[in-house]
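Asker: One letter stands for each residue in the lines below.
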Amino acid sequence: MTTEQRIGQVANYVDERTGAAAWMKKNLQKVFPDHWSFLLGEVALYSFVILLLSGTYLTFWFDPSAREVIYEGSYAPLEGVQMSAAYASTLHISFEVRGGLLMRQIHHWAALIFMAAIVAHLMRVFFTGAFRKPREGNWIIGIGLLTLGIVEGFLGYSLPDDLLSGTGIRIAEAIIQAIPVVGSYLSYFAFGGAFPGEAFIPRIYIVHVLLLPGAFLALITAHLMMVWYQKHTQFPGPGRTEKNVVGYPLMPVYMAKAGGFFFIVFGVTAFISAVASINPIWLYGPYTPGQITAGSQPDWYMGWLDGLVRMAPPLETYFFGYTISWNILIPGLIVPGILFTGMALYPFIESWITGDKREHHLLDRPRNAPNRTALGAMSITFMLVALINGGNDLIATHFDLSINQIMWATRIGIIVLPPLAFVITKRLCLSLQRADRELVLHGRETGRLLRLPHGEFVEVHEPISPEKAYLLTSHEQAPPLALPEVDGRGVKRAGALRNKLRSRMSVAHSEAVPKVSTDDLKEIEHH
Amino acid sequence: MKRLSRYRRHKAVGPALLIFALLGIGTTFSVASATTASQTTTADRSALIEEGRQIFLKGCSSCHGINSEGGAIAPSLVGVGAASVDFQVGTGRMPMADMSTQAMRKAPLYTPEETAALAAYVASLAPGPEIPTEAQLNYERDGSLAEGGELFRTNCAMCHNFAGQGGALTQGKYAPTLMGVEPKHIYESMVTGPQSMPVFSDKTITPKEKLSIIKWIKAAEKEPNLGGASLGRVGPVTEGLLAWTLGLGVLIGVAVWLAMKAR
Numbered sequence: 008m009t010t011e012q013r014i015g016q017v018a019n020y021v022d023e024r025t026g027a028a029a030w031m032k033k034n035l036q037k038v039f040p041d042h043w044s045f046l047l048g049e050v051a052l053y054s055f056v057i058l059l060l061s062g063t064y065l066t067f068w069f070d071p072s073a074r075e076v077i078y079e080g081s082y083a084p085l086e087g088v089q090m091s092a093a094y095a096s097t098l099h100i101s102f103e104v105r106g107g108l109l110m111r112q113i114h115h116w117a118a119l120i121f122m123a124a125i126v127a128h129l130m131r132v133f134f135t136g137a138f139r140k141p142r143e144g145n146w147i148i149g150i151g152l153l154t155l156g157i158v159e160g161f162l163g164y165s166l167p168d169d170l171l172s173g174t175g176i177r178i179a180e181a182i183i184q185a186i187p188v189v190g191s192y193l194s195y196f197a198f199g200g201a202f203p204g205e206a207f208i209p210r211i212y213i214v215h216v217l218l219l220p221g222a223f224l225a226l227i228t229a230h231l232m233m234v235w236y237q238k239h240t241q242f243p244g245p246g247r248t249e250k251n252v253v254g255y256p257l258m259p260v261y262m263a264k265a266g267g268f269f270f271i272v273f274g275v276t277a278f279i280s281a282v283a284s285i286n287p288i289w290l291y292g293p294y295t296p297g298q299i300t301a302g303s304q305p306d307w308y309m310g311w312l313d314g315l316v317r318m319a320p321p322l323e324t325y326f327f328g329y330t331i332s333w334n335i336l337i338p339g340l341i342v343p344g345i346l347f348t349g350m351a352l353y354p355f356i357e358s359w360i361t362g363d364k365r366e367h368h369l370l371d372r373p374r375n376a377p378n379r380t381a382l383g384a385m386s387i388t389f390m391l392v393a394l395i396n397g398g399n400d401l402i403a404t405h406f407d408l409s410i411n412q413i414m415w416a417t418r419i420g421i422i423v424l425p426p427l428a429f430v431i432t433k434r435l436c437l438s439l440q441r442a443d444r445e446l447v448l449h450g451r452e453t454g455r456l457l458r459l460p461h462g463e464f465v466e467v468h469e470p471i472s473p474e475k476a477y478l479l480t481s482h483e484q485a486p487p488l489a490l491p492e493v494d495g496r497g498v499k500r501a502g503a504l505r506n507k508l509r510s511r512m513s514v515a516h517s518e519a520v521p522k523v524s525t526d527d528l529k530e531i532e533h534h
Numbered sequence: 050m051k052r053l054s055r056y057r058r059h060k061a062v063g064p065a066l067l068i069f070a071l072l073g074i075g076t077t078f079s080v081a082s083a084t085t086a087s088q089t090t091t092a093d094r095s096a097l098i099e100e101g102r103q104i105f106l107k108g109c110s111s112c113h114g115i116n117s118e119g120g121a122i123a124p125s126l127v128g129v130g131a132a133s134v135d136f137q138v139g140t141g142r143m144p145m146a147d148m149s150t151q152a153m154r155k156a157p158l159y160t161p162e163e164t165a166a167l168a169a170y171v172a173s174l175a176p177g178p179e180i181p182t183e184a185q186l187n188y189e190r191d192g193s194l195a196e197g198g199e200l201f202r203t204n205c206a207m208c209h210n211f212a213g214q215g216g217a218l219t220q221g222k223y224a225p226t227l228m229g230v231e232p233k234h235i236y237e238s239m240v241t242g243p244q245s246m247p248v249f250s251d252k253t254i255t256p257k258e259k260l261s262i263i264k265w266i267k268a269a270e271k272e273p274n275l276g277g278a279s280l281g282r283v284g285p286v287t288e289g290l291l292a293w294t295l296g297l298g299v300l301i302g303v304a305v306w307l308a309m310k311a312r
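Heads up: the protein sequence lines correspond to chains A and B, in order.
Here the first sequence is numbered in our numbering, starting from 8 and rising by one per residue.
Here the second sequence is numbered in our numbering, starting from 50 and rising by one per residue.
Be careful, since some hints might not be right.
Have a look at the derived ranges for each label pair, beta carbon to beta carbon [stated by the list, open to error]: (1) A:341 x B:273: 39 to 47 angstroms; (2) B:274 x A:481: 48 to 56 angstroms; (3) B:147 x A:325: 38 to 46 angstroms.
Residues of chain A clear of chain B, computed beta-carbon distances all greater than 10 angstroms [as the list claims (entries may be wrong)]: (4) 37; (5) 209; (6) 453; (7) 495; (8) 512.
Covered stretches of chain A (in silico footprint by chain B; criterion: 3 or more residues with CB under 8 angstroms from a CB of chain B, positions within the stretch not fixed) [what the hints assert, rightly or not]: (9) 269-280; (10) 393-402.
Note that these hints are calculated values from the structure, not bench results.
On a predicted model such as this, the values are computed, not experimentally measured, just so you know.
C-beta atoms are modelled at their ideal positions from N, C-alpha and C, and glycine is treated no differently.
Turn these sequences into a full structure, and let the hints guide you.
Answerer: Here you go:
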């Protein structure tokens, strides 16, 4: 019997009992569109798998306990030092467990790449308008994953109980305590008493290895099932409509590609982990509340939060014997709250502004949605300025600057630069639209100069291909919403102010360079 | 004699004599200064102090005052002790190159002998911390590594970073890196508290504990980067930078390549 026949027999055996063949055939042929930016989410997914695998390995030796032990391991500079069992077991993983340090580094590097990939994926979805109906729900799941990722990463950073971990938890405690009225109660609840206590590490451990990974698995499954069910978006192009998906079938093309890409992601992560140190906890030393190191920073995905706290002016109010620490409350809770709520609600805000309730499966080119693109650039600028201030001490020492100057530059920058980024990006988008229009009307500049018989020099323009012309003109340009302030009988409509705001935003949103119409083309052919 | 005098008016005689004379003076000076540094009799001591005073008057008094009384731009040196001078001058911080933020480490302007003379002069003004001797600085024998680490993290890491790489202070000032600093200078800086650094007197940190700290710093200096490239030993900032560039950057490159091949 040949191998093929044998496989066929096995498949037949399974199919006769489960009837899976029809379902498999349908789903394995499912078509996915191809674009490099669609792989960013995959990087996040594969990093998550790497995190699960390497994390499981670490749990075999990690002891999540604040119990005090005397170190007797092989790292001489810490010999005889009093530390928590959590820290001692992390040292044990690093120095005595075979492959332990590599696994720790893979776990940590994968976490940083995981978060970077999530953010890059988020930007792709935002700038191409992939969050529009019917994908608003999946957008919200994505924001949930991002938020959980930040929390999960922070907990992982906190677990080894080294000097940086403890410093991070101390700041988290301060942020919890800054919540008016209930803050100190919440803090006592979380820590099981006063900081740092014995209860916190076992608690965050179970959240880190069970609760949040479980939530991740559930949300990622939902995220992917929705992509499956709603089908993947695609960039516009000839033959691509709102009603079809142009691409390659899952089996064999994407099976091979995705499988291969997984190993590439794993390989790159393992390579970095093999050559570059991350979180050398033995150098930080064990955490004791009396110690701190210069340059205490969180991992990058929380760096913006640290930067906001660092730039906050010392504002406090006292009343009825209570202190409200605005300097922690505003940068630590209020601003992030506004940012993440705004981000989650953005699909609904945009659809309210445009009045567009239709389904969209074709993506926008970022330049064709200038207002949205500018808003994205504005948010990124805000985050970057905050992130830069998160590393202000290192910038100061490495670039011979004053930490105070950097703080003031970012304090002013975080207010001035985002609007500036908005205006510049919007202008850029409109200019790019203008360039597209020129391209369609007059073709590509070839750089070849031609001298006409009467002596005039002209540059030869080459008409662009019909495919390219289609790509540059297929997007729709919706007019702004027409919201009359008065109804047919001349009576002021209810909610006039809201409508006024909505119309103004709608006008801003629909600002565009008119794309080339058929009439335009006809006219140019006439010349 | 006759043969010598024949070359008396040779044109090379002048330069040759000059070289001889210079060599003679140089040798005498180096022999003389070497003896002054090694002997401790009262007469030699006062000669050394006088030599230090001369150097001081030329190189230091314009800011610190003719009698070391200090001035508008520089503190009084009465009572700062020999250790202070040895640290500041021996690490090249004094004389200062620019007075905008803080004295930075550079190649020392004075030789060890001149530094010793200056130190002797300043120490003669009023008692102050003394330069530790070689015997006092045997940190390998007298220090304890783990205790040094504990003390370092409690007292030093807040400014000099967990691995002694240095860190930022306010208004452009900074705590310098401790890598490659001589044990003597580390000791002196703890005793004298130069610039923004506080004084760690022998009551707060005993001499033995100081040696433990030095032992830990020296071990940190020699410690290999166990996890691969150290990324500067400055914490998560450089790690984040690498995750975005080498990590996600490379993966995006691969993604572009994967999507390209499909065409």
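Asker: Determine for every hint whether it applies to the structure shown.
Answerer: Each hint tested on the structure:
1. A:341 x B:273: 39 to 47 angstroms: Cβ of residue 341 of chain A to Cβ of residue 273 of chain B: about 46 angstroms, so the range 39 to 47 angstroms holds.
2. B:274 x A:481: 48 to 56 angstroms: Because 54 angstroms falls inside the window, the suggested range holds.
3. B:147 x A:325: 38 to 46 angstroms: holds (44 angstroms)
4. 37: holds (16 angstroms)
5. 209: Non-interface label stands for residue 209 of chain A: nearest chain B Cβ at 25 angstroms, farther than 10 angstroms.
6. 453: Non-interface label on residue 453 of chain A holds, nearest chain B Cβ at 24 angstroms vs cutoff 10 angstroms.
7. 495: Correct as stated: the minimum Cβ-Cβ distance to chain B is 53 angstroms, above 10 angstroms.
8. 512: holds (33 angstroms)
9. 269-280: That given contact holds, which follows from 6 residues of the region 269-280 of chain A lying within Cβ reach (below 8 angstroms) of chain B.
10. 393-402: holds (count 5)
Every hint, counting from the list given before, is met by this structure.
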